[in-house]
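Trainee: Residue numbers (this note's numbering), protein chains in the order written: chain A, 12 to 175; chain B, -17 to 422.
Hints are supplied without guarantee of correctness; some may be wrong.
[Claimed, not checked] Computed far set for chain A versus chain B, every beta-carbon distance over 12 angstroms:
1) Gln25
2) Ala83
3) His98
4) Arg101
5) Asn143
6) Gln154
7) Ala157
[What the hints assert, rightly or not] In silico SDA-like cross-links for lysine to any residue, where the CA-CA straight-line distance does not exceed 25 angstroms:
8) B/Lys31 with A/Leu72
9) B/Lys14 with B/Lys31
10) A/Lys81 with B/Arg375
11) A/Lys53 with A/Leu72
12) A/Lys139 with A/Phe164
13) B/Lys213 with B/Glu254
14) A/Lys81 with A/Lys95
15) A/Lys81 with B/Val36
16) A/Lys95 with B/Thr35
17) A/Lys137 with B/His26
18) B/Lys155 with B/Ser107
19) B/Lys31 with A/Lys95
20) B/Lys396 with A/Lys160
21) B/Lys396 with A/Pro142
22) A/Lys95 with B/Ala214
23) A/Lys160 with B/Thr35
Read the hints as simulated data drawn from the structure, not as lab findings. Since the model is a prediction, treat every value here as computed from it, not as a measurement. Here a beta-carbon is modelled for each residue, glycine too, at the ideal position from N, C-alpha and C.
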Amino acid sequence: MTPLARVQERFSTQIIETHSFRGDETAVIRPEALRPVAQFLKEAPELDFNFLMDLSAVDYLFFAGGRIQKPARFEVVYHFFSLKFNHRLRLKVPVDEKAPEVDSLCALWASANWYEREVWDMFGIKFKGHPNLKRILMYEEFQGHALRKDYPFNKRQPLIGPQY
Amino acid sequence: MTQTRSMLLNVGPSHPAMHGVIRLIMELDGEKIKDVDVEIGYLHRAFEKMCETVMYAQCFPYTDRLNYVSPLINNVGFAMAVEKLLGIDIPERAKYIRVIMSEISRVSDHLTCVGASAMELGAMSVFLYMIKAREFLWELVEEITGARLTISYVRIGGVKADLTEGFTDKAFKTIAEVRKVLIEADELLTRNRIFFDRMKDIGKISAQDAVAYGITGPFLRSTGVAYDVRKASPYLIYDKLDFEVPVGTQGDNLDRYFVRMAEMEQSLRIIEQCFQQIPEGPVAAELTGDVVPAAEMVDRAKMGRTEGLKEEEVNLDPTLQGSTKKYHEAVYADRKDVVLPAKENTYGNIEGLMNHFKLVMYGHGIRPPAGEVYFPVEGGNGELGFYIVSDGRDYPWRVRVHPPCFPIMAALPKCLIGDMMADLVPTFGSVNMIAGELDR
């Protein structure tokens, strides 16, 4: 049984959508189910996802020029990996634009700490229960969140020198 | 009454031992490190944001600048991720070339790391020997790609150019030279009392902690976990090659040094095997027809004098050599919607020219189907993953890099706390932080 099928069986009501594009198994789950699903992924002996390999987010504002409408503006994307079984799973959580907040996974994987700080820095998505949620790549005085689609890539915010 | 207070010490970002671009704020109790705050971001160049503003093929120059000691592996990682998104396969010879170039880069990456950390402990000659060996390897890279660092060599669906003639002999000579340097460095360092004492049991991390922090690569393997992307999910032709994954036991600086030294030997073995297995490529001796300068061919085609043009070969700029018609099939996938045509076709006939334009003009370009993929390759420091989201247009919607350095830096306090202040230098040297991929 693939990890995706196992998660589907266990959390059938919490899953919004699943797909397997080019062999990458993906489950989109409800935000409130993130903690229990993540805990299950880590602790179930037949899954044993001991790596949180990557954590990032995607901004779907005007996705495909506005032709494809996503239910929520952001998606936080988790890539899990199991050393024992050598399998991977991608988990996605839709995050609403008005209250961008999801649960932190710091308590389960130490690697979540810095990744979540980066997502906060770049997308302005908050992580409930994060011990030290502050910017990581940008400086504290930076205005806005750079990887949001409504942040122009050529906008400048010089710390010194003329303001324009 | 005596009073004890801990002391705050700031190291970096412009400190030579911090390799230029990281800041550590340490709380010291005497000489012992009590707490560390790692501050990164000094080399942030908005890689992910800039990739969203250019077409797929234009991302390659940006990927060169991720891990700038082994840029070829970044190129390969990004190209493979886009190829996975497109669902295409590349010719066998191109796969071998990619592996050869990746392994050359890996050796140069490890040489830099070991050499620099030895230098920081005072072993200046080891550093010079190793940089000499790296220079030989970079000469190989230069011969094939035309550049030493900003190579942009890999293309979606292949590589820019075929191997040059006589490259195999040069490579074998270089491998022999590198082996000599490795033996020399081993003699100078491994039984060196000073080096040994300063590396042993310093900067320790347990396997559980390393896994929890998501660390991969030589750092993880030094703790005894034999995870290597090349073995766990073989890409390209790594499943046809015979190599070992060296592991340590202690997870300290000395084990990281041993793992890197052993890995270099394995990489050299891989390169040798690749040269034995690589399918024969075209050689210039079989050339038929004339060789004309590129400008002349373009002029003749413009004036409609196309008779016999199909049989002719074009004489190109040295940096494009090996991408002409003869070599094209061997190193590029047979997909007109992804791969630029051979230069003779671009210059000499309208179909080729249109094909070229359709791929390079804004609003056309390579258009993968809407979807998302994650593709990991084994970089110099660990799993280098590219997560690409496509909306079906010619620009990537989102490019996310999983940089192997990032989790290592997150775990740096674990390695440092409890050690002496002076141990910071060897520990930081042995984790091989590359700010280009850390800050992106």
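Trainee: Decide, hint by hint, whether the structure agrees.
Mentor: Results of checking the hints against the structure:
The beta carbon of A/Gln25 sits about 21 angstroms from the closest Cβ of chain B, which is more than 12 angstroms, so the claim that it is off the interface holds. Consistency note on A/Ala83: stated as away from chain B, and its beta-carbon is indeed over 12 angstroms from all of that chain's, at 15 angstroms minimum. With a cut of 12 angstroms on Cβ distances, A/His98 falls inside the contact zone with chain B, its closest approach being about 10 angstroms. In this structure A/Arg101 is not separated from chain B by more than 12 angstroms, as the shortest Cβ-Cβ distance comes to only about 7 angstroms.
Once the 12 angstroms rule is applied to beta carbons, A/Asn143 is inconsistent with being away from chain B; the minimum gap is 10 angstroms. At roughly 15 angstroms, the least C-beta separation between A/Gln154 and chain B is larger than 12 angstroms, which holds for a residue marked as non-interface. Against chain B, the non-interface label of A/Ala157 is violated: not every CB pair exceeds 12 angstroms, the least being about 6 angstroms. In summary, the hint linking B/Lys31 to A/Leu72 is supported, as the alpha carbons are separated by about 14 angstroms, within the 25 angstroms threshold.
Of the supplied pair hints, the one linking B/Lys14 and B/Lys31 is violated, its CA atoms being roughly 41 angstroms apart against a limit of 25 angstroms. For a cut-off of 25 angstroms, the pair hint linking A/Lys81 to B/Arg375 stands: about 17 angstroms separates their Cα positions. Between A/Lys53 and A/Leu72 the alpha-carbon distance is near 32 angstroms, which puts this suggested pair outside the 25 angstroms criterion. A distance of roughly 29 angstroms separates the Cα atoms of A/Lys139 and A/Phe164; the hinted pair therefore is violated under the 25 angstroms criterion.
Among the hinted pairs, B/Lys213 with B/Glu254 is consistent with the structure: their alpha-carbon atoms are about 18 angstroms apart, no more than 25 angstroms. Simply put, A/Lys81 and A/Lys95 have alpha-carbon atoms about 35 angstroms apart, too far for the 25 angstroms limit, and the pair is violated. Annotation: proposed proximity of A/Lys81 to B/Val36 holds, straight-line Cα distance about 23 angstroms (limit 25 angstroms). About 39 angstroms separates the Cα atoms of A/Lys95 and B/Thr35, which puts this hinted pair outside 25 angstroms; it is violated.
The straight-line distance between the Cα atoms of A/Lys137 and B/His26 is roughly 21 angstroms, inside the 25 angstroms bound, and the hint therefore holds. Pair hint B/Lys155 plus B/Ser107 holds up; C-alpha atoms about 22 angstroms apart against a cutoff of 25 angstroms. With a C-alpha separation of about 35 angstroms, the suggested pairing of B/Lys31 with A/Lys95 is violated against the 25 angstroms cut-off. For the hint pairing B/Lys396 with A/Lys160, the CA-to-CA distance comes to about 36 angstroms; that exceeds 25 angstroms, so the pair is violated.
Note on B/Lys396 and A/Pro142: the hinted pairing holds, with a Cα-Cα distance of about 17 angstroms set against a maximum of 25 angstroms. Only pairs whose Cα atoms come within 25 angstroms are accepted, and A/Lys95 paired with B/Ala214 is accepted, the gap being roughly 10 angstroms. At roughly 11 angstroms between alpha-carbon atoms, A/Lys160 and B/Thr35 fall within 25 angstroms of each other, so this suggested pair holds.
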